[in-house]
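S.K.: Residues per chain, in single letters:
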Amino acid sequence: MDKLKTAKEAIQQVQTGNTVMVGGFGLVGAPLTMIEELTKHEAYDLTIVSNNVGEEGKGLGKVLRQGKIKKAIGSYFTSNREVGTLYNEGKIDVQLVPQGTFSESIRAGGAGIGGYYTKTGAGTKLAEGKEEKIMNGEKYVLEEAIKGNVAIIKADKADTLGNLQYYKTARNFNPVMATAADFVIAEVDEIVDVGELDPESIVTPHLYVDVVVRSRYQLTKEGVVELG
Amino acid sequence: MNLDKREIIAKRAAEELKPGSIINLGIGIPTLVTKFINPDDFFIHTENGLLGMKELESDEEFDPLIVNAGKMAVGEEIGASYFDSATSFSMIRGGHVDVAILGALQVDENGQIANWAIPGKNILGVGGAMDLLSGAKKVIVSITHTAKDGRIKLVKECDYPITSLRAVDAIVTDLGFFERVDHEWVLKEIMPNSSLEEITKNTEFHFKVDQDIN
Numbered sequence: 001m002d003k004l005k006t007a008k009e010a011i012q013q014v015q016t017g018n019t020v021m022v023g024g025f026g027l028v029g030a031p032l033t034m035i036e037e038l039t040k041h042e043a044y045d046l047t048i049v050s051n052n053v054g055e056e057g058k059g060l061g062k063v064l065r066q067g068k069i070k071k072a073i074g075s076y077f078t079s080n081r082e083v084g085t086l087y088n089e090g091k092i093d094v095q096l097v098p099q100g101t102f103s104e105s106i107r108a109g110g111a112g113i114g115g116y117y118t119k120t121g122a123g124t125k126l127a128e129g130k131e132e133k134i135m136n137g138e139k140y141v142l143e144e145a146i147k148g149n150v151a152i153i154k155a156d157k158a159d160t161l162g163n164l165q166y167y168k169t170a171r172n173f174n175p176v177m178a179t180a181a182d183f184v185i186a187e188v189d190e191i192v193d194v195g196e197l198d199p200e201s202i203v204t205p206h207l208y209v210d211v212v213v214r215s216r217y218q219l220t221k222e223g224v225v226e227l228g
Numbered sequence: 229m230n231l232d233k234r235e236i237i238a239k240r241a242a243e244e245l246k247p248g249s250i251i252n253l254g255i256g257i258p259t260l261v262t263k264f265i266n267p268d269d270f271f272i273h274t275e276n277g278l279l280g281m282k283e284l285e286s287d288e289e290f291d292p293l294i295v296n297a298g299k300m301a302v303g304e305e306i307g308a309s310y311f312d313s314a315t316s317f318s319m320i321r322g323g324h325v326d327v328a329i330l331g332a333l334q335v336d337e338n339g340q341i342a343n344w345a346i347p348g349k350n351i352l353g354v355g356g357a358m359d360l361l362s363g364a365k366k367v368i369v370s371i372t373h374t375a376k377d378g379r380i381k382l383v384k385e386c387d388y389p390i391t392s393l394r395a396v397d398a399i400v401t402d403l404g405f406f407e408r409v410d411h412e413w414v415l416k417e418i419m420p421n422s423s424l425e426e427i428t429k430n431t432e433f434h435f436k437v438d439q440d441i442n
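Heads up: the sequence lines are chains C and Y, in that order.
First residue of the first sequence? That's 1 in the numbering used here, and the numbers climb one at a time after it.
First residue of the second sequence? That's 229 in the numbering used here, and the numbers climb one at a time after it.
Since the hints were made in silico from the structure, they are not lab data.
Owing to the predicted nature of the structure, the values given are computational and were not obtained by experimental measurement.
A few of these clues could be false.
[Stated by the list, open to error] List of simulated lysine to aspartate or glutamate pairs, DMTMM-like, C-alpha gap at most 25 Å:
1. Y:LYS349 to C:GLU55
2. C:LYS139 to Y:ASP291
3. C:LYS139 to Y:ASP397
4. Y:LYS282 to C:ASP156
5. C:LYS139 to Y:GLU283
[Said to hold, decoys possible] Okay, the calculated bits of chain Y under chain C, using three or more residues with CB under 8 Å as the criterion:
6. 260 to 266
7. 310 to 316
Even glycine gets a Cβ: it sits at the ideal position worked out from N, Cα and C.
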């Protein structure tokens, strides 16, 4: 069974109205090739689950400018202020979540957990309307799991089964997103034969991954470059 | 070494760190703390997934895929480890980080801070601040005493949205060093070129003055 597909074949999975998780901390560890493909793909009214929604006009910031995003769920849109501007103009919906709650809700989504209580955010504006519970004398809030129709993630290496290894801080949200969507597309810089990855260093086992795409755009010392 | 105001604050905050601690540094002045500590004595945790961060020492070390929480390129210390964001925040919320040094827009008499939103502005970023306040064993705020426009940051009560119900443990500014003692602010130190009069004039919340200060 070979999961290798082109970016164009893989993006067909994304449909209008879908919730799409996209990995990356800013552009670091973002699936830049698949995001570029998303800009050419006819899918609208998307709910994007992403920590930042890229940067202004870069990465997911391009998709935002195309008006394809209906709602953004993430923790830090300060790095793409266009999100805040569109939100204030009433053009998109935003769900701002503390970063630890963001990653834990995705983890819960992938682990079959409906919700969980956390101290983070209790008593603040971001917890308004959420169920509260006092445990051991401290206030906690109920947070619900986040799941997606499709997750588009970035890893460093895959084998042809779809086992994944990551690189440095480009790992970030990618492993948890790989667990929390119905269909998972992994963009990688290198594809090797089965058996070549050390089983001890596989972070995402292949059962989470549906499709593997080779990257064409990479973040290098010279910035984002397109490979020949 | 001629230090500017921000560096003076970072240097004083660095003096609060005990060797061997796991520390997490927020964006802005806290990032400068690395300049004033011996990297061999501390383990710096960055919430985007690295324990064992260090400052870049040369251009050859630059790797665009190793960044800190402010998305600035950093280096990797010997003994470093990488992990995903959910694991990273489990470390934070679970009480495994000894000290977080954070910036703030306001700190109030109860020790609560506001640092993630300004009403009416298009800034929508909370990041990891709420998690660090809920889980770090000790939280130190390092800020300039007043804003550039003169606005007072040490207020009676935050009127910007608060970040957590938890009170922070200390405040370092360019004018003074405050510690939380028995649910009250105590001025422990007056910074060089500052005075009690200047601190009092620029501080709205009530504070006690440590008896060792004359």
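S.K.: If a hint holds in the structure, say so; if it doesn't, say that too.
M.R.: Status of each hint after checking the structure:
Among the hinted pairs, LYS349 (chain Y) with GLU55 (chain C) is consistent with the structure: their alpha-carbon atoms are about 18 Å apart, no more than 25 Å. A distance of roughly 41 Å separates the Cα atoms of LYS139 (chain C) and ASP291 (chain Y); the hinted pair therefore is violated under the 25 Å criterion. For the hint linking LYS139 (chain C) to ASP397 (chain Y), the alpha-carbon distance of about 19 Å falls within 25 Å, and the restraint holds. Using a Cα cut-off of 25 Å, the hinted pair LYS282 (chain Y) and ASP156 (chain C) holds, with the two alpha carbons roughly 23 Å apart.
Distance restraint check for LYS139 (chain C) and GLU283 (chain Y): the Cα-Cα separation of roughly 37 Å exceeds the 25 Å cut-off, and the hinted pair is therefore not satisfied. Beta-carbon proximity to chain C at under 8 Å applies to 0 residues in the region 260 to 266 of chain Y; the threshold of 3 is not reached and the given coverage is violated. Coverage of the region 310 to 316 of chain Y by chain C holds. Counting CB-CB distances below 8 Å, 6 residues qualify, and the rule asks for three or more.
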